[in-house]
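Trainee: First residue of the sequence shown: 299, per the numbering used here; consecutive thereafter.
Among the hints, a few may not be true.
[Claimed, not checked] Listed below are the simulated DSSO-like cross-link pairs for lysine-lysine, each with C-alpha atoms no more than 27 Å apart in a straight line:
no.	residue 1	residue 2
1	Lys-370	Lys-406
2	Lys-383	Lys-406
3	Lys-370	Lys-340
Just so you know, these hints were derived from the structure itself, not from any lab.
Because the structure is a prediction, the values reported are computed rather than measured.
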Amino acid sequence: VQLQASGGGLVQVGGSLRLSCAGSGSISDINNMNWYRQALGKERELVARISSGGNTYYADPVKGRFTISRDKAQNTVYLQMNSLKPEDTAVYYCNMYILLRATEYWGKGTQVTVSS
299 VQLQASGGGL VQVGGSLRLS CAGSGSISDI NNMNWYRQAL GKERELVARI
349 SSGGNTYYAD PVKGRFTISR DKAQNTVYLQ MNSLKPEDTA VYYCNMYILL
399 RATEYWGKGT QVTVSS
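Just need the whole structure built from these sequences, with the hints factored in.
Mentor: In structure tokens form, the structure reads like this:
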């Protein structure tokens, strides 16, 4: 199983980016699909989550600005990030959890840098 994240980059304050994460390999019955981020010198934190049923969760700092979505057929999760702020600068990681296997999978991360 491999997760490939893409879409990161350098953007100015107030700009937008769309992250994608596609899962490949022996993947089925994915439960939660998540985006985490880790800023330099800080711990990794959950940014957004979407369940298999489409329920979503957002961390307070990104509510109203970020939107998580998923394409079940393609085993892909997206993160639309709008109104970006310098404090959104971090490496963003995608994560998928499969309950039947009690296993979670991580992508390698994609850098998002917001310049002021």
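Trainee: Against this structure, judge whether each hint is valid.
Mentor: Verification of the hints:
The suggested pairing of Lys-370 with Lys-406 holds, with an alpha-carbon distance near 21 Å, which does not exceed 27 Å. The straight-line distance between the Cα atoms of Lys-383 and Lys-406 is roughly 23 Å, inside the 27 Å bound, and the hint therefore holds. A distance of roughly 32 Å separates the Cα atoms of Lys-370 and Lys-340; the hinted pair therefore is violated under the 27 Å criterion.
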